[in-house]
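Trainee: Here the protein sequences come in this chain order: U and H. Read in order, the letters of the first sequence correspond to residues 1 to 292 in the working numbering. Read in order, the letters of the second sequence correspond to residues 1 to 384 in the working numbering.
There's no promise every hint is true.
Pair ranges (Cβ atoms, derived) [what the hints assert, rightly or not]:
#: 1; chain 1: U; residue 1: L68; chain 2: H; residue 2: D292; range: 46 to 56 angstroms
#: 2; chain 1: U; residue 1: L129; chain 2: H; residue 2: V381; range: 24 to 34 angstroms
#: 3; chain 1: H; residue 1: D293; chain 2: U; residue 2: A146; range: 50 to 60 angstroms
#: 4; chain 1: H; residue 1: S40; chain 2: U; residue 2: A260; range: 41 to 51 angstroms
#: 5; chain 1: H; residue 1: S129; chain 2: U; residue 2: A64; range: 50 to 60 angstroms
#: 6; chain 1: H; residue 1: G378; chain 2: U; residue 2: V57; range: 23 to 33 angstroms
#: 7; chain 1: U; residue 1: L68; chain 2: H; residue 2: K77; range: 52 to 62 angstroms
#: 8; chain 1: U; residue 1: A94; chain 2: H; residue 2: A276; range: 47 to 57 angstroms
#: 9; chain 1: U; residue 1: Y258; chain 2: H; residue 2: D214; range: 21 to 31 angstroms
#: 10; chain 1: H; residue 1: K363; chain 2: U; residue 2: S108; range: 51 to 61 angstroms
#: 11; chain 1: U; residue 1: K56; chain 2: H; residue 2: A276; range: 15 to 25 angstroms
Part of the chain H face toward chain U, derived, beta carbon under 7 angstroms [unchecked claim]:
#: 12; residue: S51
#: 13; residue: G142
#: 14; residue: D186
#: 15; residue: Q197
#: 16; residue: N201
#: 17; residue: N202
#: 18; residue: E205
#: 19; residue: T208
#: 20; residue: T228
Please keep in mind that the hints were generated in silico from the structure rather than gathered at the bench. These numbers were taken from a predicted model, which means no experiment stands behind them. Ideal placement from N, C-alpha and C gives every residue a C-beta, glycine not left out.
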Amino acid sequence: MLWQQVVNGLTLGSTYALIALGYTLIFGVLNIVNMAHGEIFMFGAFVALMLVTTFKVNLLVAMAGAALAGAVLGYLLEVTALRPLRKRAVSHMAPLISTIGVSIFLESLALNLFGAQSQSFPPMFSGKLLDFGLFQISVIQVVILAISVGLMLVLKFWLDRTKMGKSIRATSENIDTAAILGVNTQRVITITVMLASGLGAVAGVLVGLAFNAVEPTMGIPMGFKGLAVLILGGLGNITGAMVGGLLLGIAEVFSVAYGASSYREAVAFGLIMVLLFLRPQGLFGSPGNGGR
Amino acid sequence: MFVMKNVAKKVMAGLVAAAFMAVAAGCGGSQQSGGTQAGSTAKIGVVTILSGGGAAYGEAIKQGLELARDEINSKGKTKIELVIEDSKGEKNEAINAANKLIHKDNVVGIIGPTLSGDMFAIGPIANQSGVPIMGTSTTAEGITEIGEYVFRNALPESLAIPQAVKKAQQKLGLKKVAIMYSNNNDWAVSSFKTFEQAVKNNGIEVLTIETFADKDTDFSAQLTKIATLKPDAIMVSGLYQEAGLILKKAREMGITVPFVGNNGFNSPQLVKIAGASAEGAIVASPWFPSKDDEKVKKFVTAYKAKYGKEPDQFAAQAYDALYIMADALEKSGSTTDRAKLKNSLKIVKDFQGVTGKFAFDEKRNPAMEVTVLVVKEGNFVELK
Numbered sequence: 001m002l003w004q005q006v007v008n009g010l011t012l013g014s015t016y017a018l019i020a021l022g023y024t025l026i027f028g029v030l031n032i033v034n035m036a037h038g039e040i041f042m043f044g045a046f047v048a049l050m051l052v053t054t055f056k057v058n059l060l061v062a063m064a065g066a067a068l069a070g071a072v073l074g075y076l077l078e079v080t081a082l083r084p085l086r087k088r089a090v091s092h093m094a095p096l097i098s099t100i101g102v103s104i105f106l107e108s109l110a111l112n113l114f115g116a117q118s119q120s121f122p123p124m125f126s127g128k129l130l131d132f133g134l135f136q137i138s139v140i141q142v143v144i145l146a147i148s149v150g151l152m153l154v155l156k157f158w159l160d161r162t163k164m165g166k167s168i169r170a171t172s173e174n175i176d177t178a179a180i181l182g183v184n185t186q187r188v189i190t191i192t193v194m195l196a197s198g199l200g201a202v203a204g205v206l207v208g209l210a211f212n213a214v215e216p217t218m219g220i221p222m223g224f225k226g227l228a229v230l231i232l233g234g235l236g237n238i239t240g241a242m243v244g245g246l247l248l249g250i251a252e253v254f255s256v257a258y259g260a261s262s263y264r265e266a267v268a269f270g271l272i273m274v275l276l277f278l279r280p281q282g283l284f285g286s287p288g289n290g291g292r
Numbered sequence: 001m002f003v004m005k006n007v008a009k010k011v012m013a014g015l016v017a018a019a020f021m022a023v024a025a026g027c028g029g030s031q032q033s034g035g036t037q038a039g040s041t042a043k044i045g046v047v048t049i050l051s052g053g054g055a056a057y058g059e060a061i062k063q064g065l066e067l068a069r070d071e072i073n074s075k076g077k078t079k080i081e082l083v084i085e086d087s088k089g090e091k092n093e094a095i096n097a098a099n100k101l102i103h104k105d106n107v108v109g110i111i112g113p114t115l116s117g118d119m120f121a122i123g124p125i126a127n128q129s130g131v132p133i134m135g136t137s138t139t140a141e142g143i144t145e146i147g148e149y150v151f152r153n154a155l156p157e158s159l160a161i162p163q164a165v166k167k168a169q170q171k172l173g174l175k176k177v178a179i180m181y182s183n184n185n186d187w188a189v190s191s192f193k194t195f196e197q198a199v200k201n202n203g204i205e206v207l208t209i210e211t212f213a214d215k216d217t218d219f220s221a222q223l224t225k226i227a228t229l230k231p232d233a234i235m236v237s238g239l240y241q242e243a244g245l246i247l248k249k250a251r252e253m254g255i256t257v258p259f260v261g262n263n264g265f266n267s268p269q270l271v272k273i274a275g276a277s278a279e280g281a282i283v284a285s286p287w288f289p290s291k292d293d294e295k296v297k298k299f300v301t302a303y304k305a306k307y308g309k310e311p312d313q314f315a316a317q318a319y320d321a322l323y324i325m326a327d328a329l330e331k332s333g334s335t336t337d338r339a340k341l342k343n344s345l346k347i348v349k350d351f352q353g354v355t356g357k358f359a360f361d362e363k364r365n366p367a368m369e370v371t372v373l374v375v376k377e378g379n380f381v382e383l384k
């Protein structure tokens, strides 16, 4: 049972990590928490579901379509809810509230477009169960693990090695200085938000595939978990988001397996609190600069 | 500063004007509806979930009620107007909705709310204001104890579950079981207690009790734990959404034992979500869509024609509820007198609805027949 539960925890945790990556990117650059991320995640799942069921495309195309839709939503979010506030020197709480507005709007929109009933991907996409003796793992669980680790590595490489990545890091360091040094910060911010939203949409598709429940409110609990992981891993730290996600997943599963299932979230979040007492900057954050 | 002041003044003036217009429009509206419809039409309030997580239940209830309303209105005698409010599945929203219906819309009676937890919040308000309120899906313990104005035509779990457990034991010879329930839902907790009691009364051993929460999607940890204990059956108390996902996951993991559910299993949605994994799921129900009964067939056909899907138990009980209320209104001889409606509801008896023969017992709970069903080839059939 131990190994099976470890696999259960890793699968759950990798979905948390995927969501946290999106939060982390936007926080890293803009220093704000994007409360609409969970809803973009949900829209991604629905777009892929529509593509698969009505247009009968294969899964990879559906995932690309969802990523594109997520990026478009991210662009709209940036233009309508973030940019206007950035131009005026408003309180840094304002974008938090405006993104909450966007999230409520998107949730109601989804409710009207897709209905309240939860839907699931056709069974052929959930994949086979691979039996390794010690534990069983479904193909989709392997795919989730592979995609989240892959995305993390690509992101890290992109941020560390490319010119665009350099501009993003410069912008996240200090937006005004970056602008003076010739970085087109407007463009960097737009691209970051679109990238994060695209990632969020892909995460939505994977979670929809893994748990068979795509519905308008699916982004809310996942969004909160993603936020917790953002803090746990260290604000704006990509490795932190990844490791933090896996840790939270394993903590939740183990509190069910070896404790009482009623305390599942209490134990998981209690652990986060203890960790934050010991390392206030998060697991991978460096002290002094807000964890970044 | 000066400019700001001016802007503020303009905004204020605009707001005041808008407020006046709204008040004027509001008055005009209510006068009109009062003038043309008073007397012959009974205004019945509905509190149900139209948005948020439980919206699927609310939608079924709304559809059942609207179908019944159209049928009743086309027959002539009592005309019914439904005022539908959204509780969003939250207690404070339900309270706001109930207050609006009671004090602003002056409804003669209320149907709803959807959740037992919401009924514990608004039942006392309706009771205090002397407005009959009837739950169609509130199956938890203690609902009608709120007061003499509180009714329900939802079959209490305390009647349904013991029958399901007993029948399952007779047919399957259960000795040890695992129980799972949703611990953030008043109703699921209440029916879990009923399950536990029923299981003990039948001399069955409980191996473990695992919880989950409404809206959870991952049950692998709980099911992995249950699988190692090798129970003869798993009892689940939860809504169909989570129940369906549990069934699916369990079969995927290679757990083959039968499942016994509470009222939440009672929906075609369970089969839709779980697919082939729903085979063999057992539940007790007053509603049975493939029942060989003229009334049931007519209702299923009409519902399918109007909404393009098979009615579930929530739609069926809501449909019956409006008929019961219309019947009581007609007998009370008034479309506005709340106390008369209450007295008339109390003596409803031998009412033949789509959920079978119906009467209120002395505690305003339904006295009705229960059938134990099992899912076979995607349909609910009687467990024999």
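Trainee: Compare the structure with each hint and give your call.
Mentor: Tested hints:
Checked against the given bound of 46 to 56 angstroms, the beta carbons of L68 of chain U and D292 of chain H, roughly 52 angstroms apart, stay inside it. At roughly 29 angstroms, the beta carbons of L129 of chain U and V381 of chain H sit within the given window of 24 to 34 angstroms. Range check, D293 of chain H to A146 of chain U: Cβ separation about 54 angstroms, and the 50 to 60 angstroms hint holds. Between S40 of chain H and A260 of chain U, the C-beta spacing of about 58 angstroms breaks the proposed range 41 to 51 angstroms.
Checked against the given bound of 50 to 60 angstroms, the beta carbons of S129 of chain H and A64 of chain U, roughly 57 angstroms apart, stay inside it. For the hinted restraint 23 to 33 angstroms between G378 of chain H and V57 of chain U, the CB-CB distance of approximately 28 angstroms keeps it satisfied. Checked against the given bound of 52 to 62 angstroms, the beta carbons of L68 of chain U and K77 of chain H, roughly 57 angstroms apart, stay inside it. Range check, A94 of chain U to A276 of chain H: about 51 angstroms between beta-carbon atoms, so the 47 to 57 angstroms window is met.
Checked against the given bound of 21 to 31 angstroms, the beta carbons of Y258 of chain U and D214 of chain H, roughly 24 angstroms apart, stay inside it. A hinted range of 51 to 61 angstroms for the beta carbons of K363 of chain H and S108 of chain U is inconsistent with their spacing of about 40 angstroms. For K56 of chain U paired with A276 of chain H, a C-beta distance near 22 angstroms keeps the hint of 15 to 25 angstroms intact. About 6 angstroms separates the beta-carbon of S51 of chain H from the nearest beta-carbon of chain U, less than 7 angstroms, and the hint is met.
Because the closest C-beta pair between G142 of chain H and chain U is about 22 angstroms apart, greater than 7 angstroms, the hint is violated. Among the interface hints, the one on D186 of chain H is violated; its C-beta lies about 15 angstroms from the nearest C-beta in chain U, farther than the 7 angstroms criterion. The criterion of a C-beta within 7 angstroms of any C-beta in chain U is not met by Q197 of chain H, whose closest approach is roughly 19 angstroms, and the hint is violated. Against a cut-off of 7 angstroms between C-beta atoms, the interface hint on N201 of chain H is violated, since the closest Cβ of chain U lies about 24 angstroms away.
Interface hint status for N202 of chain H: violated, as the beta-carbon distance to the closest one in chain U is roughly 24 angstroms, over 7 angstroms. Interface hint status for E205 of chain H: violated, as the beta-carbon distance to the closest one in chain U is roughly 19 angstroms, over 7 angstroms. The restraint placing T208 of chain H at the interface with chain U is violated, with a minimum CB-CB distance near 9 angstroms, outside the 7 angstroms limit. For T228 of chain H, the interface hint holds, the least distance from its beta-carbon to any beta-carbon of chain U being 5 angstroms, beneath 7 angstroms.
The structure does not agree with the numbered hints 4, 10, 13, 14, 15, 16, 17, 18 and 19 stated previously, though it agrees with the rest.
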